[in-house]
Amino acid sequence: MTRKRIIILLVMCSIIIIGVVVVLQDQQKKLTTQAPVVPKILVDPPPRMIDVPEMPVGAQFAYTGQPKTIPTSFPTYIFTESITTTDLYSLGNTVSSQFGLTGSPSAFVQDNNFTYTKNNTNRTFSVSKTKNVVSVSYERQLVEDTTLKIQDSVQSVSSLFSPFLSLPENEALYPLGTDKTVYDGVVLLEVPTPRVNNYAFGITLDSLPLLTRENTKRWASALVDENGFVRVLNYLVPPSVEMGTAVSVISLGEAVANINARRADILWITQTSGEEYGVVPSFVQGDLTDASLVYVYKGSALVPAYLFEGSGKATTGEEQIFE
Numbered sequence: 001m002t003r004k005r006i007i008i009l010l011v012m013c014s015i016i017i018i019g020v021v022v023v024l025q026d027q028q029k030k031l032t033t034q035a036p037v038v039p040k041i042l043v044d045p046p047p048r049m050i051d052v053p054e055m056p057v058g059a060q061f062a063y064t065g066q067p068k069t070i071p072t073s074f075p076t077y078i079f080t081e082s083i084t085t086t087d088l089y090s091l092g093n094t095v096s097s098q099f100g101l102t103g104s105p106s107a108f109v110q111d112n113n114f115t116y117t118k119n120n121t122n123r124t125f126s127v128s129k130t131k132n133v134v135s136v137s138y139e140r141q142l143v144e145d146t147t148l149k150i151q152d153s154v155q156s157v158s159s160l161f162s163p164f165l166s167l168p169e170n171e172a173l174y175p176l177g178t179d180k181t182v183y184d185g186v187v188l189l190e191v192p193t194p195r196v197n198n199y200a201f202g203i204t205l206d207s208l209p210l211l212t213r214e215n216t217k218r219w220a221s222a223l224v225d226e227n228g229f230v231r232v233l234n235y236l237v238p239p240s241v242e243m244g245t246a247v248s249v250i251s252l253g254e255a256v257a258n259i260n261a262r263r264a265d266i267l268w269i270t271q272t273s274g275e276e277y278g279v280v281p282s283f284v285q286g287d288l289t290d291a292s293l294v295y296v297y298k299g300s301a302l303v304p305a306y307l308f309e310g311s312g313k314a315t316t317g318e319e320q321i322f323e
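In my numbering, the protein residues as written are 1 to 323.
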């Protein structure tokens, strides 16, 4: 019996439904046992996306999880993303120097996109801006000095990000988990390949998880080897925020009722792998087993939203697990 898990993101201000996101992720395929010529480790596998304009026909949802105490109101936040090309260039120079890279960078600007790159032997650093999303990336294929050596622990890795993210008092970094799985992707040149831990972090705003523009919780990640050397580091630059007006949050029951009444929209469905890539979900019965509040982007504001997780059952009787 094939199982899939469903995540629904329901954005609301007062009793108005702003949006729903269903995110699909099939389980990653297991690696073959054949050893590659060069050890490779994937830090953040890129998602593949398809657009789905509406809910599966006839699908009805029920909340079957534990009772939740939901606050009646939360503030909204107005965000600004007015970082200039000069700011980005300065950011690249400052952070790349802290990471131990030297020499002159290359920079590319086209329309609203910007790319800053600095390459040293066995080491690469970049800053990019695409559609107002600013990301920083560092990769170290071979350890040749003691730059960026830390204790291999969640606390040490979290502290590593602190000077770069410069979060205000009402925002904080929190761990999403540690992954030791080895994938094909980023190359480490040592033989034998050192053991590694891949740390992922999210950001909270007023103690609620803040989702990225892609509606994921991951804002930062770091790959640290068994000797404490940072091999890969990635993070998104969070927006500057200003508190806006408070909005009423509808109840959990009202949220589910609005989903069933189709007073919400699917924004997109994401699949990362699997034989069913590109297949619109066909479940007719959805069990929402968990719900939480998060902040999401909506227009020029960050607004509170419901994040639902659960499973759906297709007309054939098989259960579909979407994520």
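Rather than coming from a laboratory, the hints here were simulated on the basis of the structure. Be aware that a few hints might be false.
In silico DSBU-like cross-links for lysine-lysine, where the CA-CA straight-line distance does not exceed 35 angstroms [stated by the list, open to error]:
| # | residue 1 | residue 2 |
| --- | --- | --- |
| 1 | K180 | K68 |
| 2 | K298 | K131 |
| 3 | K180 | K131 |
| 4 | K313 | K217 |
Comparing the hints with the structure gives:
A distance of roughly 33 angstroms separates the Cα atoms of K180 and K68; the hinted pair therefore holds under the 35 angstroms criterion. Restraint check: the Cα-Cα separation between K298 and K131 comes to about 15 angstroms, which is no more than 35 angstroms; the hinted pair holds. Taken as a hint, the K180 and K131 pair is honoured in the structure, with Cα atoms around 32 angstroms apart against an allowance of 35 angstroms. In summary, the hint linking K313 to K217 is supported, as the alpha carbons are separated by about 26 angstroms, within the 35 angstroms threshold.
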